[in-house]
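Protein chains in written order, with the working numbering: chain A, 1 to 265; chain B, 1 to 362.
Check each hint, because a few of them may be wrong.
What the hints assert, rightly or not - Derived lysine to aspartate or glutamate pairs resembling EDC-like cross-links, with alpha carbons at most 20 angstroms apart:
hint, chain 1, residue 1, chain 2, residue 2
1, A, Lys139, B, Glu110
2, A, Lys126, A, Asp138
3, B, Lys183, A, Asp138
4, B, Lys153, A, Asp217
5, B, Lys183, A, Asp140
6, B, Lys340, A, Asp217
Hints are computed from structural coordinates only; laboratory data are not their basis.
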Amino acid sequence: MKTANHFNKSKRGQFGFDLADIFSYIGYFIVVLIIIIILNIPSCLTGIDTKKADSKLQEKADSMALVSADTQIASYLRTQMPERTELFAKLDWLEQHKNFLRTSVVDPETGITLPAEVKLDVGQAKAFLNSHPDVYADKDYSGFISSLQAVYAAEKKEQNNVKMAFKAVTTALFIRGFSNGKKLDKNNDGYTYYLSPVSVDFQNSNPGESGRDSDYDLSVEILPGEMLPERTPVQSIQVIPLADLTLAKIRLTYHPERSSWLPQP
Amino acid sequence: MKRKMLMAANKKGLNYYSPIIAIMGIFILGAILSNLFVKQYNLASDFDLGREQFRILLTESSAEKVLLFVDNAARLALEQAAYKYGKNGFYQSGTSCGNKDGFNLWTKEESNTQNDCVPQLTPCYPTNSNMMATLHDFFANALDSFISGFNGKSGLKVEGNKVMLPSSYDFTISPVSGRTEIKGMSQQPVSLAATRTNQLVYDIKPNFRQSITPDVISDGNDVASKSPQLLRKKEQEISSVLSSFNSQNPDLKWELASYLTPPSSCSRVIDKCTYKCNCVIVEYPCPEDNKKICTREDCETCIGSLVETVSYDDVYASFSVANGKGFYISDPSSTPPQLKSVAYNFGLNWLEETGRSTKCEP
């Protein structure tokens, strides 16, 4: 017996360990680790606030939408105004397709989306542009807006003409359409047209603050009812200088959900 | 001894070493996992994935807004500068030749006794360097006004910090065919703090390059080079000269704004002379009839000065040269902008002699 014990003892390592001991210790730790993990899983499941996570995701989506809106309004404002021939050709196209444009409004009391008339008098706009060619010649879209302000502020009788010219030109330049696959008739040419709402305020002394629609001097939008999203859209605001050293605020209302389900190029 | 300690067992043969190690391991692992769990819990509950990245993107959007504003301000400033540059006859303020009815004079002719009534013409024609400096100064003042407006009213903020544009620029006016181009290099950057959690700062220099039609510097050189041909011309002669100018360059339309000829004169002493002085009336009997009394004037002879007076028409001819381009200008700055044509205005002054007279004066 002593011999066997002595023989067993002699197989141990220098510090008294042998491989069996080492592996047994490792086994202990693994079992302990597994137990602790199992104990923590319920805490993990109850630890995530899904509502918070949803709101944070929403916030990120809004931030991304705001970046997209900022980019879009910047691209609008840097768009070079076409020369007279091309601009009037676009207005002529608009005149021919006016019947196919649809927009909508949301009833503030009931919250129901109702179709609304697209009030666009291209003839009135063309007459104004003919009598005031300097508002668009050799300018970009932001220069066009600042020139409109000069006429809007100086000539009260021209204010309605200025509003219509803004609507028509903005629509002609930036309107987009996509194939809707519906039956062609007098009210449908196979395309659904839309234009993100663009508003201009000449009179706000603090353009950094968001304003109500009633504060905006010029505005245009073409949003068919099916394009109004469930969520509140994001707004991007750009400030530009005017010749009389005041500032104008230009607001673009961007609907990210609408853009996401549009056909991609 | 060590071996005995390590192989220690109680009398019943139980090995305490393994359970002790296991219990210690449980506590250590538990502490590590709890610490990790707490961190994960915070991350999970906030679920703020991408917060810093979105802030950077939004900061970049704000920077783009700043650049767009500066580009627009530069264009408006250039339009205002071009208008004022032309209106002031390529000078920022008056010339040494003076001003007449709002037109800076490019020539001034004077005749006075100090010069013995010899007309002296002072030329004040603008040079190319005058024009560049004038346009530069008008532009700098106008841009500064727009930047002040932005800094005071824009309300643009990034991470709670108001965005302020620098007002110090280096400007370069470049010759471009048919256009006036100006480049502005900002001396200071606009610093936008990208995030709140670290010190990342987004620096941009709001440089710009803007141009307008027409090329006001070339137009100015053209006008200045032709204007001497209008000097000392009668009004009708001027009309024919202007017609030839208009046919040579249809882009510039020359017009005579006004032609004034107020009288002027210059007197000087040219010699000595004699004249009757101290005259008295003397009565004497008339030779024909002694009963009647006749009178005569008896004068002395005095020495005086022979004064020559030269009469002139002090001609002020004002010209306006339009290039057919108009900008919406607020002039003065508080009024609604009006469409103003860009015109190069200047005046010429010279003397035309209309007569001479002499008179002996005491």
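Legend entry - Distance restraint between Lys183(B) and Asp140(A), which requires alpha-carbon spacing of 20 angstroms or less: 18 angstroms, holds
Legend entry - 20 angstroms limit on alpha-carbon distance, applied to hinted pair Lys139(A) and Glu110(B): Violated, because 47 angstroms separates the two Cα atoms, which is more than 20 angstroms.
Legend entry - Proposed proximity, Asp138(A) with Lys183(B) (alpha carbon, max 20 angstroms): 18 angstroms, holds
Inset, instruction - Compare the distance between the alpha carbons of Lys126(A) and Asp138(A) with 20 angstroms, and conclude whether the hinted pair is satisfied. - result: Answer holds: Lys126(A) to Asp138(A) is near 17 angstroms, not above 20 angstroms.
Legend entry - Agreement of Lys153(B) and Asp217(A) with the hint, judged by alpha carbon distance not exceeding 20 angstroms: Between Lys153(B) and Asp217(A) the Cα gap is close to 19 angstroms, so the pair holds against 20 angstroms.
Inset, instruction - Sort out whether Asp217(A) lies within 20 angstroms of Lys340(B), counting only the CA atoms. - result: 24 angstroms, violated
The structure fails hints 1 and 6 (numbered hints given earlier, in ascending order).
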